[in-house]
Amino acid sequence: MSRLPITKTPKVYVGGAFIRSESARVFPLADAAGRFFANIPQCTRKDLRNAVEAAAKAIPGWARRTPYNRGQILYRLGEMLEARAAEMADALLLGAASARARAAAQREVAATVDRLIYYAGWADKYEQVLGNVNPVAAPYFNFTVTEPMGVIGLLAPAQPALLGLVSLLAPAIVSGNTVVALASETAPYPAVLLGEMLATSDLPGGVVNLLTGFRKELVPTFATHTHLRAIGGVANADERKTLRLGAAASVKRTRLLKAEERIDWYGPHAASLEAIRETLEFKTTWHPIGA
Amino acid sequence: MIGGLSASWRRLVDEVGTVDTVGLEERVAKYTTRSIKKSAKVWGLRTAVTMVDLTTLEGKDTPGKVASLCQKAVAPSDDPTVPPVAAVCVYPAMVRHARQALGPNAKVRIASVATAFPSGQAPLRTRLAEVKAAVADGADEVDMVINRGAFLAGEYGRVQDEIAAVVAACGDATLKVILEVSELETYDKIRAASFLAMRVLRPGDFIKTSTGKTSLNATLGNNQVMLEAIRDFYLATGVPIAMKPAGGIRTAKQALQFLIAVKETLGDGWLNNRRYRFGASALLNDLLRQLEKERTGAYQAPYYFSEAAESY
Numbered sequence: 001m002s003r004l005p006i007t008k009t010p011k012v013y014v015g016g017a018f019i020r021s022e023s024a025r026v027f028p029l030a031d032a033a034g035r036f037f038a039n040i041p042q043c044t045r046k047d048l049r050n051a052v053e054a055a056a057k058a059i060p061g062w063a064r065r066t067p068y069n070r071g072q073i074l075y076r077l078g079e080m081l082e083a084r085a086a087e088m089a090d091a092l093l094l095g096a097a098s099a100r101a102r103a104a105a106q107r108e109v110a111a112t113v114d115r116l117i118y119y120a121g122w123a124d125k126y127e128q129v130l131g132n133v134n135p136v137a138a139p140y141f142n143f144t145v146t147e148p149m150g151v152i153g154l155l156a157p158a159q160p161a162l163l164g165l166v167s168l169l170a171p172a173i174v175s176g177n178t179v180v181a182l183a184s185e186t187a188p189y190p191a192v193l194l195g196e197m198l199a200t201s202d203l204p205g206g207v208v209n210l211l212t213g214f215r216k217e218l219v220p221t222f223a224t225h226t227h228l229r230a231i232g233g234v235a236n237a238d239e240r241k242t243l244r245l246g247a248a249a250s251v252k253r254t255r256l257l258k259a260e261e262r263i264d265w266y267g268p269h270a271a272s273l274e275a276i277r278e279t280l281e282f283k284t285t286w287h288p289i290g291a
Numbered sequence: 001m002i003g004g005l006s007a008s009w010r011r012l013v014d015e016v017g018t019v020d021t022v023g024l025e026e027r028v029a030k031y032t033t034r035s036i037k038k039s040a041k042v043w044g045l046r047t048a049v050t051m052v053d054l055t056t057l058e059g060k061d062t063p064g065k066v067a068s069l070c071q072k073a074v075a076p077s078d079d080p081t082v083p084p085v086a087a088v089c090v091y092p093a094m095v096r097h098a099r100q101a102l103g104p105n106a107k108v109r110i111a112s113v114a115t116a117f118p119s120g121q122a123p124l125r126t127r128l129a130e131v132k133a134a135v136a137d138g139a140d141e142v143d144m145v146i147n148r149g150a151f152l153a154g155e156y157g158r159v160q161d162e163i164a165a166v167v168a169a170c171g172d173a174t175l176k177v178i179l180e181v182s183e184l185e186t187y188d189k190i191r192a193a194s195f196l197a198m199r200v201l202r203p204g205d206f207i208k209t210s211t212g213k214t215s216l217n218a219t220l221g222n223n224q225v226m227l228e229a230i231r232d233f234y235l236a237t238g239v240p241i242a243m244k245p246a247g248g249i250r251t252a253k254q255a256l257q258f259l260i261a262v263k264e265t266l267g268d269g270w271l272n273n274r275r276y277r278f279g280a281s282a283l284l285n286d287l288l289r290q291l292e293k294e295r296t297g298a299y300q301a302p303y304y305f306s307e308a309a310e311s312y
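As you go down the protein sequences, you meet chains S and W in turn. Going by the numbering used here, the first sequence opens with residue 1, and the numbers climb by one from there. Going by the numbering used here, the second sequence opens with residue 1, and the numbers climb by one from there.
Calculated from the structure, these hints are not laboratory results. All the pointers check out, no bait thrown in.
Between beta-carbon pairs, the in silico distance windows are:
| id | chain 1 | residue 1 | chain 2 | residue 2 | range |
| --- | --- | --- | --- | --- | --- |
| 1 | S | K216 | W | T62 | 49 to 55 Å |
| 2 | W | T214 | S | T200 | 35 to 41 Å |
| 3 | W | T62 | S | K241 | 46 to 52 Å |
| 4 | W | T33 | S | A17 | 17 to 23 Å |
| 5 | W | G59 | S | H269 | 56 to 62 Å |
| 6 | S | A248 | W | T33 | 35 to 41 Å |
Okay, derived cross-link-like pairs now, DSS-like style, lysine-lysine, Cα gap no bigger than 27 Å in a straight line:
| id | chain 1 | residue 1 | chain 2 | residue 2 |
| --- | --- | --- | --- | --- |
| 7 | S | K216 | S | K11 |
| 8 | S | K57 | W | K253 |
| 9 | S | K57 | W | K72 |
| 10 | W | K213 | S | K57 |
| 11 | W | K30 | W | K263 |
| 12 | W | K107 | W | K263 |
| 13 | W | K30 | S | K46 |
| 14 | W | K38 | S | K46 |
| 15 | S | K11 | S | K46 |
| 16 | W | K253 | W | K30 |
| 17 | W | K213 | W | K132 |
| 18 | S | K11 | W | K253 |
| 19 | W | K41 | S | K57 |
| 20 | W | K293 | S | K241 |
| 21 | S | K46 | W | K37 |
| 22 | S | K57 | W | K293 |
| 23 | W | K72 | W | K253 |
| 24 | W | K60 | W | K72 |
| 25 | W | K253 | S | K46 |
| 26 | S | K46 | S | K241 |
| 27 | S | K216 | W | K37 |
| 28 | S | K216 | W | K38 |
| 29 | W | K41 | S | K46 |
| 30 | S | K46 | W | K293 |
| 31 | S | K11 | S | K57 |
| 32 | W | K37 | W | K293 |
| 33 | S | K216 | W | K293 |
| 34 | W | K132 | W | K65 |
| 35 | W | K65 | W | K213 |
Quick reminder that beta carbons are idealized off the backbone N, C-alpha and C, glycines included.
Here chain W stands alone, though its shape is the one from the complex (with noise of 0.2 Å):
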């Protein structure tokens, strides 16, 4: 790096700290040979599936698609004992589609992305007024993504003033960061971006791995080092901070994992839907899968559950 980029960031680092790269995936690496059997894994689908934001994140949205994706979040299975999912998560137009589809009072909340999402490339005005509009909408959580170009280019003072218009702009909704942790590229990054939005989020407030729309999701390395900025910054100022893994999580195996890191990494206390969410379409029917596998004792074919249709 170079001039002043190097010495901004260098000041940022020092404040933050960086991450052991190898450590870290080693780390990692075990929560993949955990073996979860029988009540334990039933509790972790159950819970999984409450930690759901189910989401339509598509051009081709319809107000039709969307009452049907609420209907699912709100009952997802024919088995009434299964829980509804925390939220749904769609574009800025949808939202009043969604709250009408759910009612005004709705256990499901209604999430839904904005800040010119997914790039961010739009002047900031027009980003807090489409903020502003999703909650005036209906909207009870924000998900935002934040400024990778200016962040990149060394502005963090910017990035973070961006991030607290945006707290304002939300009022009461809660706010999801998304720091597109593809576009971050190195752990030392991702961690940065992670203190730069905590320092100016509220309690219970998310930060975001990614948007989903990009070659790199959520995996237990990003998310790893997520969790641990997490736990330092609650350990430093005693405010919690949660968090949200979204894109690439497809299966009840890989959300186990997810939530056994959380478990080891931040305890019991980040365990339910208010402290971790995860950002999905495809998973919730993985996990019904799962719960109706343990439920019947056999195997379950995919095509009973509303797969998504490109794949069998």
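Just chain S, same shape as in the assembly (with noise of 0.2 Å):
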């Protein structure tokens, strides 16, 4: 007897849950050979907004936990990737069948996975390097410490679809950030199945949010959500003017990079401590010495 084929309706990862949009409306998506392969999402600014708020409630939670745990969690998340990078491969691929594709769809995973547990290395020790202890010419002890912004929004690159996702991703919420991300356009299926692999990695509900859809509808909104306290990620000049503009308006911190240029996402510079440091705040105390 034959079997009804089981497809997959492909949904986003917002607030810990898979979701439609709310506008119900999708886009189609093709394979590697042009066939039609699944309706993606297409979400809406009202999608963005829910993301931000399910990101919002999730700060407390997540920036209280300890370094250590937030390392682990990353950790897990590479396990989780590491273990399932087939099917990874196959979801960047969607059919391609050359070797040379295939080679380059598993060098796409495994960068990514090494991202991950670099970023997981540092969640108990940026705070070593980046905080410090002040000189003053006073009778105080002066430290600085880091803290997290807030929610942080992210435009994904058009390629590499993965590794462009979590290299933004993973140094935002290291530090205890949550993120709402715009996946690829052109590839948003890995950014689908990056939700299902987070879903298990012990990482709570709504620390990273993944919408699917069109840059054109959503990039304004990212712009004046006044919720957002920073924009990371690749923008075409148009995009970076909107951003900018918008960002002026709410007071928020932009830090774009440009999709007409060449980015070196496999390179030694491509993960840093840097980008970590992006996203945080700085906190100077001043702390008098008793007599």
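Hints given; two lone chains; assemble the complex.
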């Protein structure tokens, strides 16, 4: 007896749950051969608003975790991805059969796991490097510590769809921020699968929220939403202008890479302490020294 | 139910009728699907602001806290076009501080809970004395709780007589009768209690869902039961009774859904703050947040609107 095919409905991972767009809109995604693969949620600004609410709710719990625990959870996410590396490579390939394409996909998944492990390692160490005891000419103990900024908006590059996304979100969440990220518009499926792996990696719901959809519809809302404390990621010249104008009006930090330039996601500078620093606030305290 | 309780209950239900629970819940589920956008939404949000009874009912209330609550009630937003709220709602001991903060002829009214709020478990003369003291201190409105113990024991006459006694003690002050719906347990009992209260109330007095001190507060369901009781009572007697859901209404979206229920059940006559109120503390901030979103087009962070400290 023949069996009916069980096809998957891709959903986005928001607030620890898998949801469709509130608009119920989808857009078709084609596989490598140009055949229909799946309908991907076409998220709206309201989905973005809801994702920001979910991310904001997750902040206190996530930021209160010990750095050691956050490191463990990021490491576990690396473990989940490593164990399902073949499945993720298939999500990147979407049926592309050439040996060269497969090797590139495997390389991207391996680099993504390494990136997670890299930032997991920093979780309980960046504070020693970035925090400071400051010399002052008065009887005070003066020290600087870091704090997470809050909800961070991220715009993933079109390619590499997985490595680009994870390279942006891992340094943001390692310090206790929560993120709302817009996945690659042309290759959204790896982000859908990543959401399923995040859900099984002890990461509390709402810490990472992944949206799929059209940049044109969502970038203006990323720019103006006052609850997002910083915007990071890859954007073209028009988007950068929109984002910077909106960020100026709502007083948020921007760290935007240029989509029209080549970005080396694999090189020695692709992962750095600097990326963690980009989503931190520094707090300096003057504490009187008792006489 | 047993014995005499059953007989008195049956007599009351025969008079006021019962509630079709399934039909009612299906009806209120529809209210959440209405699409209210743009100018209608702004109108709804502004109207909701004028209906708020800005409430603080905590053991840690101080005169200073009440004074800042009053300031917020008079001018909720930096935007001067945002209207003041309907009233502040405080404990009786705080009424004179609220009166001092608002002045003698304030647009914002002062509501005081009374009658051993929230339990109502005090001797009647103590409860009446509390009402008189609150009115003497300058309360424009009194929020009383019904004697749920007597209601659940089947002493409906006593419940009604006590409400009538409080009406008399109020003088010119408007009365709001809190049914505490979560302790009445069924829609039938909520409807019956609504009628018990309405029969002794004056036109313009309120029935109110909850104290906000129990786990289950105002829902669209129990709001609808009470709105329909008000409608049926109005059609039978011509006496318009007002309504105040309280507790658990925290978002502008919920407030709009409650207004839809009012519009579709009672009509435009009840879409003003003489006939409908929201008892809430956090709601006002979300209403202001959504109004600012409509004004600027940008989604707003809650911490710009003095969000209650427990979140964010």
